[in-house]
Structures are given as C-alpha cells and as structure tokens.
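Chemist: Starting from the known structure of chain A, fit chain B onto it as the hints suggest.
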Amino acid sequence: MPPIVTIRSLSKVYRQGEMEIAALDNVSLDIAQGEFLSLMGPSGSGKSTLLHIIAGIDRPTSGECRVGGVGVTELDDSQLADWRNQNVGFVFQSFNLIPVLTAYENVELPLLLMDLNGTRRKELVHTALELVGLADRARHLPKQMSGGQEQRVAIARAIVTDPKLVVADEPTGNLDSASAEAVLEILRTLSSKAGKTVIMVTHDPRAASFGSKTIHLEKGRLLDVA
Amino acid sequence: MTIPGFLVRNAFRNKRRLLLSVLGIAVSMFLLVTLMVVLRELTQPPNDGGSSLRITVRNKLSLANPLPARQLPIIEKIPGVEAVMPLTWFGGKFKEDEPLMWPQFAVDPRKFRKIFGEIRVPEDQYEAWVKDRTSCIVGRDTFKEQKMHIGQKLTFLSGIYPCSVELTIVGVYEGSIDDRVVWFHHAYLDEALGDWGKVGDWWIKATNTETAAQICPLIEAAFANTSDEVRAESERAFQLSFVSMWGGIKLLIGGVSTAVLVSLLLVTASTVSMSIRERFRELAILKAIGFQRRELCAFILAESFGLSALGVVFGAGGAWLMSRTMDIKSLTHGAFVSFEVTPQMLGTAALAAAALGILSSVFPAMSVARMSVVEGLRTLD
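Line by line, the protein sequences are chains A and B. Take the first sequence: its position 225, counted from the start at 1, is 224 in numbering that gives the first Met the number 0, and no numbers get skipped. Take the second sequence: its position 289, counted from the start at 1, is 288 in numbering that gives the first Met the number 0, and no numbers get skipped.
Derived from the structure by calculation, the hints contain no laboratory data. Please read all numbers here as calculations on a predicted model, not as lab measurements. Think of the CB as a built atom: it goes at the ideal place given N, C-alpha and C, for glycine as much as any other residue. Treat the hints loosely; a few may be bogus.
List time: in silico EDC-like cross-link candidates among lysine to aspartate or glutamate, alpha-carbon distance up to 20 Å [as the list claims (entries may be wrong)]:
#1 K76/B / D227/B
#2 K212/A / E34/A
#3 K142/A / E277/B
#4 K110/B / E126/B
#5 K142/A / E281/B
#6 K204/B / D326/B
Chain B is nowhere near these chain A residues, computed Cβ spacing over 12 Å in every case [unchecked claim]:
#7 D24
#8 G67
#9 P109
#10 R120
#11 S145
#12 D168
#13 E184
#14 S211
For reference, chain A alone in the conformation it holds in the complex:
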C-alpha cells in the first residue's frame, strides 16, 4: 500500500519562559493507506503532538508532513479547516459531543459545512449511525446515552464525511472494558473493511493490539515499529 501519511524530520519545540522542550525530535515516518496505527508511549512522549500535527490541528516547528499528497504544514488556517473537514475524522477521549444536540445532530454537524441538501445529509447520518450500531439512538441526547454509546456517536461524527484519515486520541480512556472493545472493534473495521487510515494514541497495550502496527515514542523520538 502506498503511504498516505509521509512525515520527514518533524520537530516540535515548546517554549516555557527561557526553557525549550522538544515534544517531537526529528521524527520521520510513513503510514500506509488503510493502516490502523497505534501510537504508544509514556506521558509527554510526544504521541499526541504527532497525532495533532498529522490531523492538521497543530503546526510543527520544522519538518514536513504530507497527508494524501497535501503538505499539511504548508496550508494556512482557513485552508486547513476546509482540509480537516473533508479529510480527517476526530475521536477524543472525552467524546466531546455537543450536549444540546441529539446523536443525529451531532453526527450531522460536520456535514453542515458541506454543500449537501437535507436528504443527502440524512442518508449519510443514518449510514454513519448504522455503522456504529446506534441508528435507534438517533434522537437521544448525549446525557441519555452511556459512555460507550457516546464514543460510538463520536466515531459516527468522525466518519460521516467519509474522510481518508481517522485520528483517535485515547478513545477508550474513559470507557469500561466491554465498551472499549466495541469501540476498538469499530475502529478496526473502519481500517480493514472501509479502507480508512486510523491513527490511535493509547497508553493501553491491549487497545494498541487492535492496530495493525504499533509504534513507540519516547522523549519525542520514535523508538521502534512493531
């Protein structure tokens, strides 16, 4: 498979007063299309920073990051926002659903930015909710759902625009083991059956084992590729 993500000599330095902290130190990496990559490492190892740069929500200090042939680091803020909307799906540890919107409306949210009519939006939302097994919960508010269900709605929101890339930052961190397994199974299915590239940050080796590849980071450097 050709790489969908190409990272070369990527560094990210944070400044705290006069101190410089290297979150990423000269990282180079290729991620193939359809791969389910687990990023592991201790806190502060730079795994979330790497994920954020790949997803276009953070910028490196130096180096290059190309996703699907697009130089993400070269886009301005406005172009990045459009690019994210069409190419990246986000899943977060805390689900981050909008509490005043139903599951259906939460999933519909990214589609409001696209030039789609109501009927098409409805089809896409229903498909996404069916994929995560929550079509029957479409009218429920987040507070009326369990954590596992909320995270599945968040996955539906992430895939509703049919992005090439799904990034998940500790997606099972707030879930019990059964719910975590269901969520990881969905992510694996997205990769294996729908051909999505999934990049997941996790502390949990069991969660990482769902991925097709695992890489470890420590002090901003890549250690190995498993």
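Modeler: Using the frame of chain A, we list chain B on its own:
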C-alpha cells in the same frame, strides 16, 4: 438541523441565565427609552396647530418683569398683528399645602379664542365667561381630576402678587395641548391689584405665517430705548427658552443614560464571555471538524446580538406599550403631558442594543479566534 437552529439551541442551553440576561437588558432598555421620553418631554414642548401664528412679547430684562399695559395700543397698530391679549401667570394656591399642577392665567376672554383658536369651549359657556368678570374656564383634565362642577367657587391665593381671587367656574375647555389650565379675566386681576397697569406678557396672533416672522423685529423696535424694552419671539422660541433652564437636568439624564448603557455593556460582555468560556472545548471541536474562525466569531456575534435583540424587544417594546396603555398624564399628576415613545427612540434603543451586541462579543470572539484547537482541547482532556 441548520446553523441558525444550532445557534438557537446553544442560546437556550442555560435557560435561567438566558432569562436573567434578557431581563437585565430589557430593564435597562426600558429605562433608557423612558429617560429619552422624559428628556423629550422636558426639552421639546409639544406643538399644536395654532402655535405657528402665535407670538409672545415679554420684558427684555426677564420673564419675571412685567410689562406696562399701555403698550397694548402700540402693538395693535403694528402691521400683521391680528389680535393681542395680555397673559399673566397668577401662581395661585388652591388649597393649603397642595402642590398645584394646574396653573392659572389672567387673560382677555374676548381675545382668547382668537389667540388660542384650537381650544374648544361650548358657546354658551364661553359667552358666560366673557360676561362675568369673576368667572373662569377650567381645562377638562383638571375639571375631571378635581371633580369640579359648573358654578363651583375657586379661591386662589397668589404666590406672586399680594392678592387672592375668587372665581366661579362657568365653562370647561378642551382641545389644547395641555387641558389643565384655569383661565380668568385680566380685568379681575387688575382690580384685585388696584389697577396696577401691568401685564405678565403679551400674546399675539399674526395674520399669517409669513407676517409672523416679520412682526417680531417690528415689535422690538417699537419699544427700543424705552424703560420697558421687549423681546418678541414665536411661541416655539418662547417654549425653547424654558428648555435652556433644563440644561442641568439634560446633563443628568444624559449621564444616567450613559451609565445605564455602560453598565449594561459590562454585564452583557461578562455574560457572553462566561457562556463562551464554558463552551471553549466545544468551540475547539467545531474548529477541529472544519468550522472556520469567521464562522465561530459569527456564532458568538449572533448569540450576543440575539440576546440584545430580545432585551430591546421586551424593554423598548414594554416602554412603548406602557406609553400606549397607561394614562401617564394622570399618574404623574400632569407632569408629563404626552409621554410619547417615538419611532426615533425605538430606533435609538435598537441601535444601542446592536452596538451592545457587537461590543460585548468582541473580546469573546477574539479569544475564540486566537484559540488553537490543541489549546482548546487541553481544557478538556
């Protein structure tokens, strides 16, 4: 779901805060419009149809200085003068310790209807007034408010002149801009004061609007270099000369209005900021999934604008409704005659609300625009 629908959902997420914020803005807008009405009432005396032809002549030194009655024939001869009448404020007390909101003026009843053509009095009552030197006519509002009756005796003790007058009500008038006055014979006042040969000022009716403008300098010239120089001006200018006395009040009301607006701005800005701060994480998510900075800023502006719009609808609308449904004149014992909420006032309140909406959203919008997605996400994870 639509973007406006999403905004409405967001606005209603904390109903109690929304209600309190809208109420706060509404009360302030109500106060602002009411202050504008009060200011207008104080500074812009109402006009009536006949005022464009009326001219007042007063002592050049001050309104408190009377004029000699001998000026009458001289004024009458000036071209363009249709009628002249003396008008003297009696400043009487009706009952001890009761503040009077209905003034009494001594006039010449025979000229009265020529000068104040818009006033309506039944013909028989008017004739009775002209005939009886100790009679008076009373404005409909005062007549009703004081539960008076035709034939009733009214005794006024002047606070200006060393005399009192006992008047008999023979008629009730209406149709003027202020139907509260008691009009009585100047001849009776002259007699009570021992033929003092003075009048408060002269009220003149010009033959037409063109001559009205030309008469004033002629009258002033007629008495130039005499011991009683006069100032002649249109009724409108005369009314506005009183307005200058309200300068301090205007300043005070202007200050209070500004304070209301500034405090309202601070409260609204704080409310909007608080509401945005609580949703920083959600706004970061929206940014992550592709919403642009300008769209998020527009959301905040729309929310703030909506809050202000609701406030102005209830506040200014409430003031308008009050002016339409309540008898402010009676409630204020005639202190406010028309108490009209004009379209300009509603427009000003709407503009103030729009400015409030924009200004109070500036800082929250700026902070959201500056916020990076990662920074926003860190507030939650």
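Chemist: For every hint, state whether the structure bears it out.
Modeler: So, going through the hints one by one against the coordinates:
1. K76/B / D227/B: holds (18 Å)
2. K212/A / E34/A: Status holds; Cα separation ~7 Å.
3. K142/A / E277/B: holds (17 Å)
4. K110/B / E126/B: Roughly 12 Å separates the two Cα atoms, so the pair holds.
5. K142/A / E281/B: holds (15 Å)
6. K204/B / D326/B: violated (33 Å)
7. D24: holds (18 Å)
8. G67: holds (16 Å)
9. P109: Not fine: 5 Å to the nearest Cβ puts P109/A too close to chain B.
10. R120: At roughly 9 Å from the nearest Cβ of chain B, R120/A sits no farther out than 12 Å, so the non-interface label is violated.
11. S145: holds (19 Å)
12. D168: violated (7 Å)
13. E184: holds (23 Å)
14. S211: Per Cβ check, S211/A is outside 12 Å of chain B; nearest 25 Å; holds.
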